[in-house]
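Going line by line, the protein sequences match chains Z and U. Reading the first sequence from the start, the letters are residues 1 to 388 in our numbering. Reading the second sequence from the start, the letters are residues 389 to 576 in our numbering.
Derived by calculation from the structure, the hints in this document are not laboratory data. It cannot be assumed that every hint is accurate.
To be verified - In silico lysine-lysine, BS3-like type, Cα no more than 30 Å apart, as pairs:
(1) LYS450(U) - LYS435(U)
(2) LYS96(Z) - LYS228(Z)
(3) LYS355(Z) - LYS274(Z)
(4) LYS96(Z) - LYS450(U)
(5) LYS274(Z) - LYS308(Z)
(6) LYS89(Z) - LYS450(U)
(7) LYS282(Z) - LYS355(Z)
(8) LYS431(U) - LYS453(U)
(9) LYS431(U) - LYS96(Z)
(10) LYS506(U) - LYS387(Z)
(11) LYS430(U) - LYS96(Z)
(12) LYS506(U) - LYS430(U)
(13) LYS282(Z) - LYS96(Z)
(14) LYS304(Z) - LYS275(Z)
(15) LYS435(U) - LYS96(Z)
(16) LYS453(U) - LYS506(U)
(17) LYS304(Z) - LYS266(Z)
(18) LYS355(Z) - LYS297(Z)
(19) LYS526(U) - LYS450(U)
(20) LYS501(U) - LYS89(Z)
(21) LYS297(Z) - LYS96(Z)
Here the structure is a predicted model, which is why all the values come from computation and not from measurement.
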Amino acid sequence: MPGFMAEKKSFSEPNMCFPNLANNDKQTLTKSNHCVRSETLDDVDDGSSLILPGLPDDVSKRCLALVPRSNFPAMGGVCKTWRCFIRSKEFITERKLAGMHEEWLYILTAGSKGNGSQWEVMDCLGHNRRSLPLMPGPAKAGFGVVVLNGKLLVMAGYSSIHGTTSVSAEVYQYDSCLNSWSRLSNMNVARYDFACAEVNGLVYAVGGYGADSDSLSSAEVYDPDIDKWTPIESLRRPRWGCFGCGFEGKLYVMGGRSSFTIGNSKFVDVYNPKKHNWCEMKNGCVMVTAHAVLEKKLFCMEWKNQRKLAIFNPEDNSWKMIPVPLTGSSCIGFRFGILDGKLLLFSLKEEPSYKTLLYDPNAAPGSEWQTSDIRPSGLCLCSVTIKA
Amino acid sequence: MVITAKGKEILEIAEEPEYVMLAKVEDLKMDMLRIVEEEEIKKIRLKTSDEATFEVEPSILKEMKRVQSLINTEAIDTSVAIPLPNITSRNLSRIIDFCWEHQYNTENLEEFKGRFLKSLNHQELKELLLAANYLNIKTLFDFLCNSFTDLIQNESPEFIRDFFNILNDTNSVKSMHAPAFQGSIDDD
């Protein structure tokens, strides 16, 4: 007979030795307190202060990661430790582990009548539409946009002030959790109309036009952990007006023009970061007016045929064409958005009767095409999707 | 000392004459004997930081992944109570309560959870969260994490700082008071 040996004790709270507990339990805690971003961008932070006093950080991190995304800006104002955690890569990872990732759609819309362009954001249902704080720096065109670790990078581009055009190498980062912009290191080469993409946590920028509107073959890579752009092997020939995407650890540059071809380049330049070299494929698409990556496939729309989606599968480098249904609207010309694993087709014309077309690659045959209520408040210049 | 109907907890009843207590303990001993006889399954005993010993049935123990793995991997002598030097009897009793309800209370679990949470002050909530983390009880850990999350949600930075006793080291007044989604360029 097992004894119930509880001595008659008052259950007034004894001093719990939880600080010990936290220490004894190290093997079950992941000790990854890296906040590289804060080291490069923040003021002094000795990292000694706990996220929640009395709790080990691993537990606190889980608690913070469970808060809905719309609360992050306020949470970022609590203290430096919180701010540092919320802007860290680890936070995004923790959210993903907890199944808390929320997908938000960011659309850059052209302002009406002289107003500058403006980023707007909506949640995965197209609700809670808000405007982002204004992009810093002069109004630009021809810049590159990439999403990296829950952040939006807006790179380079050109601006015209009083008739003088200047090409920029500046890079700005929008932190989607803290709802704020900050400036990152400049690129090595000022450029516009270039290709850019994220591959394995690094951002690549390739080609474009340079400061004197000369076409560029140069390329560079950005490492967010050290906030630094480093030149990589150049393209074999200058290329501009092109776009980039990343598949299976490789960078693909397509579209636009190249100085060695007449007209538009059908070549695909593929960069292998492991081997630091470029190779070529011949079956690219030309004159691409919209592109987006969804489920490891590239969706393009070519200028010559805006009634079809061209879908590139990098596994076998094949293309597949899917007709875009007629909707009774005269709309041709689209910009793409991605939300919840589906492709959204925003009209390039502000036509009230147009309902945003939605293509679901996983839907049952015959019902891939639907319409969606999600539409930008103005003309869509570009859009990105950020999970955090 | 009273063993509750669940046969799991040891609670204190104050102000009872000793003979009543003794009688009750005797009764309960008999009860327990019957239970032990009825149940073939072997219960495991856990000893808290304040030297109280709890008998825990396997279905509850299963939730305590840490204890379970101790038993499985280290071939611990289960005739001796397993010491849990980081857990008080009050918290262990709460934990067992929670695990029990979580397993067997199918009808008004939410109601129980509400009551459970209400009975905890901020400090106790922390202790229990740590205990759940230590014992690796996923259901309780997730539940308590979520209740912390609820404390943070929709609150201003000032409230959060006050509530959790966090030092304000943000020097930018602007960002402190900036409402959500009207942010500005970071100073840093």
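*Regarding the pair LYS89(Z) and LYS450(U), is the alpha-carbon distance no greater than 30 Å?*
Roughly 34 Å between the alpha carbons, so the hint for LYS89(Z) and LYS450(U) is violated.
*Under the criterion that the straight-line Cα-Cα distance not exceed 30 Å, is the pair LYS450(U), LYS435(U) satisfied?*
Holds. LYS450(U) to LYS435(U) sits at ~17 Å (cutoff 30 Å).
*Would you check the hint for LYS282(Z) and LYS355(Z), treating anything up to 30 Å between C-alpha atoms as holding?*
Answer violated: LYS282(Z) to LYS355(Z) is near 36 Å, above 30 Å.
*asked:* Against the 30 Å threshold, does the CA-CA distance of LYS355(Z) and LYS297(Z) hold or violate the hint?
replied: 25 Å, holds
*Would you mind confirming whether the straight-line C-alpha gap from LYS96(Z) to LYS450(U) stays at or under 30 Å?*
27 Å, holds
*Is the hinted pair LYS430(U) and LYS96(Z) satisfied, with a Cα-Cα distance of at most 30 Å?*
39 Å, violated
*Are LYS526(U) and LYS450(U) close enough, with their CA atoms no more than 30 Å apart?*
Holds, because 11 Å separates the two Cα atoms, which is no more than 30 Å.
*Is LYS431(U) within 30 Å of LYS96(Z), Cα to Cα?*
Judged against 30 Å, a Cα distance of about 38 Å means the pair is violated.
_Holds or violated: LYS506(U) to LYS430(U), with C-alpha atoms at most 30 Å apart_ = 34 Å, violated
*Mind checking the alpha carbons of LYS506(U) and LYS387(Z) for me, to see if they're no more than 30 Å apart?*
34 Å, violated
*Sort out whether LYS96(Z) lies within 30 Å of LYS435(U), counting only the CA atoms.*
37 Å, violated
*Are the Cα atoms of LYS431(U) and LYS453(U) separated by 30 Å or less?*
16 Å, holds
The structure shown violates the earlier hints numbered 3, 5, 6, 7, 9, 10, 11, 12, 13, 14, 15 and 20.
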